[in-house]
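Q: For reference, the chains in residue letters:
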Amino acid sequence: MSVFAFLGTLEIGFIYGLVAIGVYITFRILDFPDLTVDGSFTLGAAVTATLIVAGQNVFLATLLGTLAASCAGLLTAWLNLRFNILHLLASILTMTALYTINLRVMGKPNVALIMEPTILTPFEGIFGIPDMYMKVIFVAICAVLAALLVAWFLNTQYGLAMRAVGSNKRMAQANGIVVTEKVYVGLALSNGLVGLAGALFAQTNGFADSTMGIGTIVVGLAAVIIGQSLFASRSMWVIVLSCIVGSILYRVAVSLALNADFLGFKASDLNLITAVLVALALVFPKLRSEWKAKQAERNNG
Amino acid sequence: MIRCNNLHVTFNHGLPTEKLALRGVDLTIPSGEFVTVIGSNGAGKSTLLNTIAGDIRTTRGDIFFGDRNVTKLPATGRTKDIARVFQDPLAGTCGDLTVEENMSLAYGRGKRGTLSFALNNKLRAIFKEQLSRLNLGLEDRLDSEMGLLSGGQRQSVSLLMSALQPSSILLLDEHTAALDPKTAALIMDISSQIIAEKQLTVMMVTHSMRQALDHGSRTVMLHEGKIIFDLEGKERANYEVKDLLNLFAQARNDGEELDDDKLLLGS
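Chains as they are written, first to last, in the working numbering: chain A, 92 to 392; chain B, 695 to 961.
This is chain B alone, in the form it adopts within the complex (with noise of 0.2 Å):
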C-alpha cells in the first residue's frame, strides 16, 4: 500500500524561479490496485512519481509504503519495495552493459551486491526463460550489448528486469510514450500480465486519456499539482475520452483554450 499524506513539493524555493510542483496531494493506494494518472504537462505527474521513488524530497508531507514511513529514506534504499520503468527506453538500462549484465543487476535490486560472480550459469538460464515470454528473439542474445537492440526491445527488457525481484510497487513513467504503437501495445501487455501475476500496486503515468480508461482500475487526474479528481469504480467504467475532456475543461474553469492539449490528450 502506498499512502501520500499531504504532499507538498517546490523547486528552487526562495528564488524567482520558485516553482510548486505539489501542492498537497492526499492519495492512498491499496495494495495491488492499479492507478492510471493524467494531467498536462506540468500538472505534476512526473514529480508525483519521482518524489514516492524517492529521487525528489518532499517540502512537506509524508509517505507511507504500509505502515512504514519512507519520506526520509533515499531513493535507493527504496528499491526494495519499488520497481521502476522509465519513459526513456535508453534511461531503465545500460547501453554498455550486455543483456545479461543488465538482468543480472536488476536481479540483485534493492540488496547489497557482494564479491561472487555477477552470473552463471544458473542465472543464465533463469534470463533466458524470461527473455522467452516476449517472443523477440532476445533469449539468444543474452551476451550482446544493450545499446544494440532497439529502442522497443530495451522497453520490454526493462519491464521484465522491474519483474525479476519480488516488489510490492510498480511505478510507470509514460513507459510507452517514446513507442511506435504496434510496440506500445506489446509493451503496454506485458506490463498487464506481470501486473497481474505479481500481484504489484502500481502506479502508471499517461498522455494517453485511452490507455488511462483501459487499463487499471482507478484514475486519477493532476493539475497544477493537486488531484483533480480520482475516478473508480462503476464511475470509471462508464466514461469515455471525451467525458475526461469534459471534466478536464471544467476543473481547468480559468478559461483557458483546450485545443492543443485536446490533440494531446485524446490521441
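Next comes chain A alone, as it looks inside the complex (with noise of 0.2 Å):
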C-alpha cells in the first residue's frame, strides 16, 4: 500500500470513527438497534454541500448538516416513543423517507465540492504541513475530540441514568430516570455524530451523493465490534475511542483485502468484503469459546 493510499484509509477510518461512536450510543448503549444513520450520514453531506455552494460559512453549514442529521434521529425516536413502532422499523422509514428528502436538499444527485472552500480551507499551509497530511490530522483531531467528549457524556450523571435506560428500562424508572427523554437525546447525539462525518466526508472527497450514506450502519457495525473484541474494558474512554480503532483496522483490513492481488477482488466487491469481515468479527468470539469447551471437555475426558 503506497503512502497515499495509507492515509487515504486513515482519513475514512477517522471519519467514520465518529459513525462508529453513533452506532455505539445506540446499538450498545439504548439497546436501540437504528438503521436511520444511512439516511442521516447522506444528510449530513447534503445540506453541508449545498449550504456550501449557495455561498455559505464552512463551519455554519458543517454545524447545520450536524443539526440536521440530529432531527433525523428524533423522528425516529418519536415514531418509536410515541406510536409504538417497532425501533427497527421506525429507523428504516426514516431512512427510507431521508433518501428523498436527500435529493430534495441536494436538488440533483450529487454535488461537487472541488472548487468550493471547505472546513479544511482555513487550515491549509499551517505550519508547513502538506494538505494531504493536514487532511488527515484535521478528521484525527475531529474524531478523538468527539470520542473524549461523549466518553465525558457517558460518565456524567446524566449519561449514566442514559446506559441503565439501555440496561434495564425498569430499574431505571423505578430511580426517577424518564426513559424516553433519554432516548431522544441518545438518538440525536447519535445521528448528528454519523451526520458530522457526512459533513466532513463531503468535505475532504469533494462531494456529496445521494448514494453515500448505503451500507453506512453496517460499516459502523464493524468498527464498534473489531474495536470492542480487542480492547475488553469496561471504561467508557476506552470503549468510545476504541471505536475509532475499530473504524480504521476495518479500512485497512478492506484495502489490504483490496490490494491483495492473489485475492483478485475489484473495488465493487466492497459491500461483500464488508458483510464477509463483519460476519467473521461476530462469528469468531462464538467459535472461540465453542472451541475452548470442546478442549476442555477433551481434556476432562
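No lab work stands behind these hints, which were simulated from the structure alone.
Remember, predicted model here, so these are calculated numbers, not experimental data.
Please note that a few of the clues may not be correct.
[Claimed, not checked] Only some residues are given here: those of chain B computed to face chain A with a beta carbon under 8 Å:
hint, residue
1, Thr773
2, Thr787
3, Gly789
4, Leu791
5, Glu795
6, Gly807
7, Gln824
[As the list claims (entries may be wrong)] Computed list of lysine-lysine pairs in BS3-like fashion (alpha-carbon distance at most 27 Å, straight line):
hint, chain 1, residue 1, chain 2, residue 2
8, B, Lys920, B, Lys766
9, B, Lys822, A, Lys260
10, A, Lys260, B, Lys920
[Stated by the list, open to error] Rough simulated footprint, nothing fancy, chain B against chain A, three-plus residues with beta-carbon under 8 Å:
hint, stretch
11, 259-266
12, 356-364
Glycine included, every Cβ here is placed at the ideal spot set by N, Cα and C.
With the hints as a guide, bring the two chains together.
A: Shown next, in the form of C-alpha cells:
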C-alpha cells in the first residue's frame, strides 16, 4: 500500500470513527438498533454541501448539516416512542424518507465541492504541513475530540442514566429516570455524530451523493465490534476510543483485501468484503468459546 | 402517609379479557407503619403496589402521599417519595453496570441527572461503607459488573440502594421470594434494620403468611381486588398462620378447595 493510499485509509477510518461512536450509542448504550444512520450520513453531507455551494460559511454549513441529521434521529425516536412502532422499523421508515429528502435538499443526485472552500481551507498551509497530511490530522482531531466528549458525557450522571435506560428500563424508571427523554437525546446525539461524519466526508472528498450513505450502518457496526473485541474494557474512555481504532482497522483490512492481487477482488466487491468481515467478527468469539469448551471436555474425558 | 381512596383498576377495559384487578381499595397507612400484604395469586397485591408506585394508572379513585394527591403523577415523578425493591433480583439493578454505577444511580434517585461525574471518591467511600454493612465482602467489589453477582447479593445491593436516598415510602414486592431460605432471612434482617433506622412507611407484599405475621405491625389481606381483612395490634399478635388460613377460607366461602393454596401460603 502506498503512503498516499494509507493516508486515504486513515482519513476515511477517522471519519467513520464518528459513525462508529454514533452506532455504539444506539446499539450498545440504548439497545436501540437504529438504521437511520444510512440516511442521516447523507443528510449531513447533502445539507452541508448545498449550503457551501450556496455561499454559506463552511463552519455554519457543517453545524447545520449535523443538526439536520440530529433531527432525523429525533424523528425515528418519536415514531418509536410516541406510536410504538418497532425501533428497527421506525428507523427504516426514516431512512427511506431521507433518501427522497436528500435528493430534494441537493436538487440533484450529486453536488460537487471541488472548487468550493471547505472546512479544511482555513487550515491549509499552517505550519507548512502538506495538504494531504493536514486532511488526516484534521479529521483525526475531530474524531478524537468527539470521542473524548462522548466518553465524558457517558461518565456523567446524565450519561449514566442513559446507560441505565438501555440496560434495565424498569430499574431506570424506579430511580426516577425519564426513559423517553434519554432515548430522544441519545438518538439525536448519535445521528448528529453520523451527520457530522457525512459533512466531513463530503468536504474532504469533494462531493455529496445521494447514495453515499448506503451501508453506513454495517460499516459503523463493524468498527464497533472490531474495536470492542480488541479492547475488552469497562472504561467508557477506552470503549469509545476503541470505536475509532476499530474503524481504522476495518478500513485497513478492506484495503488490504482489495489490494491483495492473489485474491482477485475488484473495488466493486467492497460490500461483500464488508459483510464477510462483519460476519467473521461476529462469529469468531462464539467459535472460540465453543472450541475452548470442546478442548476442556477432551481434557476432562 | 399513604392514603388510597376507593381505588379501582381495570385491565383491558371494554375487551372480552377485561379484568377488574382492584375493586375499591380503601387503605390508609400512617407514617412509619409497616404493613404486610397477603393474598392468593391474582388477588391484586402486586397491582396495588404498582398502582401506588405509579406504574399502573387508576381507573377510579385517588392516591395521596401526605396531603398531596399523586394520582396523576407518573412513576418517575413519585420516585422522590418512593423506593422499591422487586421480586426479581435482576429487576432492581442493571446487570451491565458496575456495583458503584448502580449505587450512583440510586444515589441520584428522584433528582435530575447533571453533567458532573457520576462517580467520585467521596461517593465511593459512602458506597463502600454502606456495602460493608452487608458482610458479604461486596465493599471490595465496587467495580465488579452487577451481572457477576449472585441473586442474593444483587438483592442485598438493591435493598441498600433503596435506602441511599432519603425517602418516606418503601415498597417491597415479594423481595425474598426468589431467594434460598438462608439468603431470604438475611435480606429480611437487613430490610428490618433499614426500615427501623430510616423510620420508613412500608408496604411489603409476601406469599408467606409466616413472614406476614412476623414482620411489621399490621397485615391486610386482599382477595379479588378488595381488602377482606385488616389486622393490627393485640388481635394480630395472637394470630397464627392457621388462624389466617381459617380467616381466608371464610372469606372465600364460595366453596373453593383450599388445598393448593394451603401449601403455598402456609410455607
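Q: Determine for every hint whether it applies to the structure shown.
A: Comparing the hints with the structure gives:
no. : hint                 : result
1   : Thr773               : 3 Å, holds
2   : Thr787               : 6 Å, holds
3   : Gly789               : 7 Å, holds
4   : Leu791               : 6 Å, holds
5   : Glu795               : 6 Å, holds
6   : Gly807               : 4 Å, holds
7   : Gln824               : 16 Å, violated
8   : B:Lys920 to B:Lys766 : 22 Å, holds
9   : B:Lys822 to A:Lys260 : 26 Å, holds
10  : A:Lys260 to B:Lys920 : 30 Å, violated
11  : 259-266              : holds (count 7)
12  : 356-364              : violated (count 0)
Checked against the numbered hints above, the structure breaks hints 7, 10, 12 and satisfies the rest.
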